[in-house]
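Undergrad: So the chains spell out like this:
Number of protein chains: 4
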Amino acid sequence: MTETTETAPGWLAPEELETVRGRMPILYVDAVPVRVDEAGVVTHIGLLLRIGSDGTISRALVSGRVLLYERVRDALVRHLEKDLGPVALPHVPVSPQPFTIAEYFPTPGVTPYHDPRQHAVSLAYIVPVAGDCRPRQDALDLIWFTPEEAASPQVQQEMTGGQGLLLKQALAHVGRLP
Amino acid sequence: MTETTETAPGWLAPEELETVRGRMPILYVDAVPVRVDEAGVVTHIGLLLRIGSDGTISRALVSGRVLLYERVRDALVRHLEKDLGPVALPHVPVSPQPFTIAEYFPTPGVTPYHDPRQHAVSLAYIVPVAGDCRPRQDALDLIWFTPEEAASPQVQQEMTGGQGLLLKQALAHVGRLP
Amino acid sequence: MTETTETAPGWLAPEELETVRGRMPILYVDAVPVRVDEAGVVTHIGLLLRIGSDGTISRALVSGRVLLYERVRDALVRHLEKDLGPVALPHVPVSPQPFTIAEYFPTPGVTPYHDPRQHAVSLAYIVPVAGDCRPRQDALDLIWFTPEEAASPQVQQEMTGGQGLLLKQALAHVGRLP
Amino acid sequence: MTETTETAPGWLAPEELETVRGRMPILYVDAVPVRVDEAGVVTHIGLLLRIGSDGTISRALVSGRVLLYERVRDALVRHLEKDLGPVALPHVPVSPQPFTIAEYFPTPGVTPYHDPRQHAVSLAYIVPVAGDCRPRQDALDLIWFTPEEAASPQVQQEMTGGQGLLLKQALAHVGRLP
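Chains as they are written, first to last, in our numbering: chain A, 1 to 178; chain B, 1001 to 1178; chain C, 2001 to 2178; chain D, 3001 to 3178.
Just so you know, these hints were derived from the structure itself, not from any lab.
It cannot be assumed that every hint is accurate.
Per label pair, the in silico range of CB-to-CB distance [unchecked claim]: (1) B:P1178 x A:R136: 34 to 44 Å; (2) B:Q1156 x C:Q2154: 13 to 23 Å; (3) B:V1110 x C:T2107: 41 to 51 Å; (4) B:L1049 x A:R136: 44 to 54 Å; (5) B:P1178 x A:E38: 28 to 38 Å; (6) B:D1037 x C:P2116: 19 to 29 Å; (7) B:P1116 x A:A39: 29 to 39 Å; (8) A:S152 x D:T3056: 22 to 32 Å; (9) A:L140 x C:Q2157: 14 to 24 Å.
Chain B residues, not near chain C, derived (Cβ > 12 Å throughout) [claimed, not checked]: (10) P1014; (11) L1049; (12) D1054; (13) S1058; (14) T1100; (15) T1111; (16) L1165; (17) K1168; (18) H1173; (19) R1176.
Every residue, glycine too, gets a C-beta built ideally from N, C-alpha and C.
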């Protein structure tokens, strides 16, 4: 889960964010980008590729904070555009109901989700994208995986904080858990 | 809820259908066609216009049977194409989970749904359509209504068998019940 | 949406809460208490009765903040116990997926939900309660309404901030919208 | 998925059932019995134990047909009582929305679900049971498994027709997929 760097209404200076983090759960959205066929069957899942300062590879969902006075849908659109580029053509779900929520705790083991920085509660959505994805910011690339590949131990171990499990929950929700 | 007239694997001759109807609940799909804005907010709902032999106007959702050896998604695609034409570009939901089910009974009052011909259980889905809709078959036209119009008494009384209620449940699910 | 007054881990002093409110959306839960029959059909909805300092009557769902380091389920249990008493025997849903979310904005009209104090995002759940309800704190009473009564203009106009609509969405979700 | 043997309205003689099976998808319900803690967390999943005529062990969900003129909820109650006994105290879900559907095809591979006898479409529900379970009919026993055990290869390989996958989808839905 990365932070937005843009300056916008609702945006917080780093020291302000730190102040809030210690006081209240922070609201996030997680989006699972997918490719679908004509009948709506999920054929591929898109994962962002990041390379850490120590050279370690990690794969991640599209994720980020909901800002003050921002609708959840608008936060989804903003983070999708930030991570997938301006011509990804995401189909944001018609229902505000997330397929699940992920509760990230700074202490591992309270839930399957973990974020050392903060207590964050994320609303998770599956988002078909129809256009061309061009990752920006700190992501190197977006790679499309089949459901079988996405649920494989190899990909799962490259995901952190419980996002591998969240991905498997998304696959289960669309009937594509291997 | 109208019957398909095409001949296909799983298609039943009318007398066969009658035989089955008296023995078992019949599986249907109901689809609520919607237009959405860029953030996924439902702006309009599409209703089929039908004129009865006595001149009465009725409005209906896209609806029909699931055939033998047909996946539910394929039944959705088939009925959407049948009722909205070949270039409607429906976005069939990624999850097989219906937003609700509608249980149509031949006896009114058992549930809010009624079908004098049969006991039918329908899986109901909300389907964004991005393309051009050209109704075919027995529908005269497809009219787009705002959520406020669709939930109004005037439109509701032109819907039959409980489909007006099903439409309101769809509006509630997408957060657009007036 | 009322504030907890107890002192607990994660609890904030009023001035701290004010500090956070102006910086970030606040995470809430809304619970719709219901009575069900043996087949799971919702027969009644429980609404809290409150009388304002000016004598006005208002009716409300069970609602409140999620605290720092508190699971959403535990927040639900805490607010249900706070508002319905210790022997209400609530059946907290097995799935963390809310039936919808309600986005309360301080500016009316952005969404159907309004909270003059803050931008709050609430995860909404339907909770069957099997036991005896004894409202505590600032609620005078808990009254059980049939779905028809709960959706009636009379009850709807006694609910504030869009909770009447949230209640109708809950009725739609359980198939009991009149 | 076993057949009811009782004689009831909507019940079909075996030869009638055969007639219908070759003509139309058959409507089923699948129920995943669970034990929950006070906060609604699923702690155990109940699986029926069956021993085949050749001595093979298989484990199964509660499952069966929806009869003519029977509501889906009443079918759930009937099959739960049939398989878990009269004092299991199942909490049938308040919403008619299944957490997923399972499409069983006689040809393996069309979907992950397989039933050599028929094309069946099953509405799947998670059902907390609070009472004492005493399996009847052809089930030998009901065994409670933790989520980890239920998702283990050992238990999964004792489930047939794709019910192991359906169980994992249920675990994902309640946030308990290991």
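Undergrad: Hint numbers the structure violates, sorted upward?
TA: 9, 14, 15, 16, 17, 18 and 19
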